[in-house]
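Chain by chain, the residues run as shown.
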Amino acid sequence: MGEPRPPEGGVTTATPTETTPSSGGLGLGSAIALIIGNVVGTGIFLLPASLAAFGTVSLIAMVVVTIGAIAMAMVFGKLGERIPAGGGPYAYARSAFGEFAGFWNAWSFWLTAWIGNAAIAVAWVGYVQYFAQQVFGVNWNSVPAAIVIGLVGLWIPAVVNLMGARNMAAFQLVTTILKFAPLLFVGIIGLFFIQGANFGAFNATDGNWVGAISMAGAVALFIYSGVESVSIAAEKIRNPERNIGRASVIGVLACAVLYILSTVAVMGTVPHDRLVNSTAPFADALNNMFGGSAGGILMAACAIISGIGALNGWTMLVAEMPLAAAKDGMFPPVFGRVSRRGVPAAGILAGTVLTSVMLLVGYASENAFNTIVLLASFTTVIPYFFSAAAQIFWLATGGRLVDKRRLARDMIIAVVALLFAFWMAFGSGAEAVLGGTLMLLVGVPVYIWVKSKRGEYGPRDVRVS
Amino acid sequence: MALSAREQTVLDAIARQLAVEDPALVKDLSEHGSGVVTAERIPQAWDAWPVALIALCLAVFTVVLLLSGSPSDLPHAVIR
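Residue numbers (full-length UniProt numbering), protein chains in the order written: chain W, 1 to 465; chain X, 1 to 80.
None of these hints come from the bench; they were simulated from the model. Check before you lean on any hint, since a few could be wrong.
To list a few chain W residues with every Cβ distance to chain X over 12 Å, as calculated [what the hints assert, rightly or not]:
id	residue
1	Ile60
2	Ile189
3	Ile213
4	Ser214
5	Arg246
6	Ser293
7	Ala396
8	Leu419
9	Leu438
10	Lys451
11	Arg454
Here are the in silico distance ranges between beta carbons for each label pair [to be verified]:
id	chain 1	residue 1	chain 2	residue 2	range
12	X	Leu53	W	Gly211	24 to 32 Å
13	W	Asn239	X	Leu53	54 to 62 Å
14	X	Pro50	W	Gly211	27 to 35 Å
Reference listing, derived: stretches of chain W covered by chain X, where coverage requires no fewer than 3 residues with Cβ under 8 Å from a Cβ of chain X [to be verified]:
id	region
15	407-418
16	421-435
Don't be surprised by glycine CBs; every beta carbon is placed ideally from N, CA and C.
Modelling step: build the complete structure from the supplied sequences, incorporating the hints.
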């Protein structure tokens with residue numbers, strides 16, 4: 001393999017980034033909590049109702065999506081072993097395809113993280129309002145009250161993150177246990193209350209079952225968003241070469257068990273016609289199992305904990321990815337500054353301010369909010385696709401002695417992950433692809449700006465040996 | 001590609017001159033050639049077939065997805 005030839009006239013170069021492993025403070029347990037906490041946000045509380053519209057065929061779609069997500073987690077594990085550097089997908093894409101691809105991944109993920117947080121916050125406000133009404137009898141349904149609640153929900157995790165990674169991890173661990181246990185309880189105990197008649201038709205759509213799987217799959221595709229969390233926070237993880245892979249796979253498997261059991265339990269305990277129109281399927285399931293009407297309050301409490309836990313984890317990521325990119329000169333330098341507590345304070349503050357603005361947009365114009373949030377579904381996919389492609393790139397081009405069976409196995413896993421990411425891109429819908437692509441293009445002048453500020457007029461050598 | 005007699009002579013002269021001027025450098029350089037001789041295999045045209053197959057699979061998958069109809073936009077609550 002020959003050395004790259006510098007372009008005519010020469011280029012200004014800088015030292016390649018060190019990608020040596022760093023020793024972080026979060027162990028395997030915290031890493032798993034980060035995955036579960038970020039994957040299980042507020043979406044799960046409506047998932048059974050969203051899927052019921054397609055019939056029980058949606059359970060097959062869920063299994064297919066789960067296989068793709070597990071493949072994605074395994075790819076992140078392999079990549080984390082190879083490059084245990086902060087920024088995860090950013091570092092992988094940069095190393096495999098060059099610095100512009102790396103920048104685009106960082107840009108794409110950064111958009112996804114703070115826009116997505118606004119989606120969690122708005123859903124979270126709804127659960128807080130319901131809980132306050134039912135438990136304390138207070139009405140916080142006015143727009144100003146909703147904005148204040150939303151801002152509180154965004155800034156509590158920001159303050160926790162600013163207090164250091166260990167505080168963030170402790171908060172994440174507690175909220176993950178508190179959200180996971182009740183949902184798993186519904187999933188397991190609910191199995192004993194299942195009635196066959198509740199399930200409804202296998203295919204509840206007008207089309208054939210293949211189309212129904214495809215449509216249900218499109219809804220289920222994003223339930224594992226957050227599988228990349230530990231790879232992005234690699235610098236905070238202890239023994240990242242080993243723990244990124246283990247945490248990603250264990251985290252996704254735990255979420256898969258939770259999702260599948262709870263969806264089956266809710267579908268089997270709530271009559272299909274009622275479930276399709278339900279705005280609180282888990283509460284309905286609990287009420288059907290044990291009678292009374294306390295299910296709504298219990299599930300609202302669970303959703304409040306789940307939402308703030310997810311916001312806590314994503315607030316960390318909203319700053320970790322730009323931190324990694326800024327260290328390499330691929331993002332504005334302010335994102336690379338670390339506070340005395342060892343956290344990227346400017347990145348956390350910038351991300352939370354932007355999410356707060358999004359929240360205000362949400363209460364000013366629901367349409368504008370929905371459009372912006374939608375594009376975050378497409379930008380989610382970019383880091384997944386490039387990570388799977390980076391793994392294929394290294395498997396295909398690696399000039400080393402390899403075990404052919406292992407190579408074939410790794411290649412199949414990477415291809416499944418690539419197809420999964422591709423399906424996600426399609427499943428995000430035409431409007432999301434349009435908006436997401438435009439936002440990616442907005443990143444190009446940002447890249448030019450960052451490069452010109454550093455006086456760099458050509459690519460840097462970013463290969464990793 | 002073999003060197004011509006003239007090229008061989010010039011290289012020999014350079015090597016002799018270098019040996020006189022800096023024997024330590026010549027010793028260091030000569031050690032690069034010690035040990036088992038290995039050569040990188042030149043990739044053949046057909047070595048890249050698995051990646052070409054992946055590209056083909058992706059193209060077929062694209063057609064299948066497009067023919068299956070366009071998905072409706074997601075409710076934003078499902079994204080997280």
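Each hint, compared with the structure:
For Ile60 (chain W), the requirement that its beta carbon stay farther than 12 Å from each beta carbon of chain X is met, with the minimum near 15 Å. Against chain X, the non-interface label of Ile189 (chain W) holds: every CB pair exceeds 12 Å, the least being about 25 Å. Its closest Cβ contact with chain X, about 10 Å, brings Ile213 (chain W) to no more than 12 Å, contrary to its assignment away from the interface. With a least beta-carbon separation of about 5 Å from chain X, Ser214 (chain W) fails to lie farther than 12 Å from that chain, contradicting its non-interface assignment.
Every CB of chain X lies more than 12 Å from the CB of Arg246 (chain W), the least distance being 24 Å, so the non-interface label holds. Even its closest Cβ contact with chain X, about 23 Å, leaves Ser293 (chain W) beyond 12 Å, as expected for a residue assigned away from the interface. At the 12 Å boundary, the C-beta of Ala396 (chain W) falls inside the reach of chain X, the nearest C-beta of that chain being 5 Å off. Its closest Cβ contact with chain X, about 6 Å, brings Leu419 (chain W) to no more than 12 Å, contrary to its assignment away from the interface.
For Leu438 (chain W), the shortest C-beta to C-beta distance to chain X comes to about 16 Å, beyond the 12 Å cut-off, and the non-interface label holds. Distance check for Lys451 (chain W) against chain X: the nearest CB is about 30 Å away, which clears 12 Å, and the non-interface claim stands. Even its closest Cβ contact with chain X, about 34 Å, leaves Arg454 (chain W) beyond 12 Å, as expected for a residue assigned away from the interface. Between Leu53 (chain X) and Gly211 (chain W) the C-beta distance comes to about 27 Å, which sits within the given range of 24 to 32 Å.
One distance hint, 54 to 62 Å for the beta-carbon pair Asn239 (chain W) and Leu53 (chain X), is violated here, with the actual separation near 36 Å. As the Cβ distance of Pro50 (chain X) to Gly211 (chain W) is approximately 31 Å, the hint placing it in 27 to 35 Å holds. Counting residues of the region 407-418 of chain W whose beta-carbon sits less than 8 Å from any beta-carbon of chain X gives 3, enough to reach three: the coverage restraint holds. By the rule of at least three residues with a Cβ nearer than 8 Å to a Cβ of chain X, the coverage given for the region 421-435 of chain W holds, with 9 such residues.
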